[in-house]
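One line per chain: the protein sequences are A and B, in this order. Residue 434 in this note's numbering sits at position 286 of the first sequence, and the numbers go up by one each step. Residue 930 in this note's numbering sits at position 116 of the second sequence, and the numbers go up by one each step.
Since the hints were derived computationally from the structure, they do not count as laboratory data. Accuracy of the hints is not assured; some may be wrong.
[As the list claims (entries may be wrong)] Not the full set, but computed from the structure, chain B residues with beta-carbon under 8 Å of chain A:
#, residue
1, A951
2, A1088
3, K1106
4, Q1128
Virtual Cβ for every residue (Gly too), placed ideally from N, Cα, C.
The residues making up each chain are set out below.
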Amino acid sequence: MPTGTNILNAIISGLGIGGLFAVTALGLSLAFGVMRLINIAHGEFMVLGGYVAFFLGQVAGLDPLVSVLIAVVAAAVVAYPLQHFLLTPVMSRGAGAPLLITFGISVVLQNLFIQFFYPEVRSLSAGYSQANFTVGTITVPIIYLISLGIGVVVLAVAHVAITRTTFGRSLRASAEDAAAAAVVGVNVRRVHALTYAVAAAAAAIGGILVGLMFSFSPTSGITWLITGFAVVVLGGAGSIKGTLLGGLILGLIQSLGATFTGDGWRTFIGYVVFLIVLSVRPQGLFGRKGSY
Amino acid sequence: MVEKRIRLRRAPVCVLALVVLALVLGVAGCGGDEETTTTAAPVTTAPPASTETTAPAGSSTTAPTTGELPADAPELLIGVDASLSSFLAPFGAYQTWAQQAAVDDQNAAGGIVIDGIAHRVKLVVYDDKSDGNVAAANVDTMITKDKVVAVLGPIVPTVGNPAALAAERQKIPYLMTGNPLEVFREVTQWEWAFNFFVSLADGADTVFASVDSVKAQTNGKVALCVDNSADGPGQLEGWKAMAEQYGWTAVEMPAFPMGTTDFGSLVDKLKTEACDFACIMADTPDLVALRKQMDAAGHKPKLLQFSRGAQVQQFADALGTLADGVMHFSYWSPDLPYPGAAELGKRYQESAGQSIGQIVGPEYAAAQILLAAIAKAGTTDATAIRDALAATDDTFVCGPVKFAEDHTSVEPSLQFQWQGGKAVIVWTEDVKNGELLFPLP
């Protein structure tokens, strides 16, 4: 039976992982909430962030968290034209065509990663990624606190941007009713492209955290895509608050579940709870009814 | 309205452009001399491809040379299934490099004589994406579509066994390494597939024998944990038996799925049990994540054994100094006294700019052995090649290989330890080239 120490360690771990889940899911939430787009390439933008940080670390000795600034720009620069030239023309044709295109983007990106970085397992490291401090019998890895902190900050910034800026107003208008938004002068295509770029940028931040906490390779994005979907559905698509809380809840459930049953059941328990929530509240914990 | 029609017409063009780009990248990935195809997404060759051609290393059973191969020499196609992407990619990269190197050497020595005519050997490489189902489908395709005369299989049982079964069904000779013998044997009574590698029982014995000299400086407790791979249970049973034999108290941890990234619960249990020795089997990405999380949680046993995924250089490269002290049992090193081993190590170093992976030697040998069998058979007849394989009894770059009636040949188990980014042999006494680093730094 787990002890109190085990449970507290699990809570700390769960919150840290939850912060990572929230960051990785933010982009998916934005894309689906605004454009009704299921972005299959989301995991690859995460991996892109990891590779940018890896490359900058190798070439210029940059700390991974410092590389975040460049990684988000790189991801946004890649994503904006993809949305503008490939996705926008087919957005009015239903969900199928954009879904297939994002699948194609995913395949292309994976192969580009293999070409430039080889199919090797990579990892990011820094002094703080392995550091920890002890409170009584509880060991707190610093990287979990960093992950939680980054998750909260990124989502808070996203929330402010969406609720307090002109772009945010345009984004909300486009999500509510794209046609009506266009009528009142919102450049919906540009809003969509910027949203996709922001989503990719958020994914890149998540990718750097993944590299610091775990490892990554050209094809590891799909795992995080699936987790991201679970967080988005759990929290409610398009809800920033829901994405943060959904990530934290999923992280806690998985961590505590693993503590009682073993790491082998971690993912299973997380998704069972996810399915229960979905069946009771299909719009997610903080989503609006009819979001899907 | 016209503008809308123009916008809509652009959509299929954009989709077509994306498809073309994906195809171009896929074809661009098929570089070098080897033909690389896949049943799924486009694949690249494993870098760096060997372009050197030297005399075949080691084996005394190379094909009788016929001088330089004429430009229009007919091709002899050998199928290769390798894991070039996903979590087994570290192994696949070594496999294709090594097998291509062996083929290059054979061609430089005049190719293979079949029915009196010198043939240029060519590898037909497929990526199984670390998926057993894809591996089996690949083998079917390379036999039925590409008409390969024999198949070199991928590493590890999860892909190797399904691929071998596909070759069995098609009655085509199949040779692999990297598949623990017990796991290979329990699948079926093989008639066409052959495997040379270590036995898990030997490996387990090696693990505990190598640390016997320092056991007195520990609390005598060993934590055992495996993933849910095909060789996990066999490995666990072997460790348990050897732990008891060498006087360790074994604490079994719950198994975890392959591809696990978050080991919070396992690390917590390891800390709680406070075992001074931990033995864990998993793939490279999982072990990298686990080692990082162990360190972040402040858990440091005195001895740490990581099996399977810790063999490859990527493990040490990904972890840096965190890899130091991690042991793994393995089977080959360029420092071993086998013909051509040292030269192969040097060649790989010059080609890849990094230390050689331990699977490179056996994979080079796999190609050597198969080509020698085909040369001995002197024909592309599957039965003749199979019989020649079965009669193999020689020393190759990986050491002596002689197949028993069950189509297996045992390689010696050695214990390695990462020290300063290099894999040092710390056991057995007769071949070790370094001392055991104790405790874990």
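Taking the hints in turn, this is what the structure says about them:
Interface restraint check: A951 of chain B against chain A, minimum CB-CB distance 18 Å, threshold 8 Å, status violated. At about 13 Å, the closest approach between the beta carbon of A1088 of chain B and any beta carbon in chain A exceeds 8 Å, and the interface hint on this residue is violated. Taking 8 Å as the C-beta cut-off, the interface hint given for K1106 of chain B holds, the closest approach to chain A being about 7 Å. Because the smallest distance between the Cβ of Q1128 of chain B and any Cβ of chain A comes to about 5 Å, under 8 Å, the interface hint for this residue holds.
The structure fails hints 1 and 2 (numbered hints given earlier, in ascending order).
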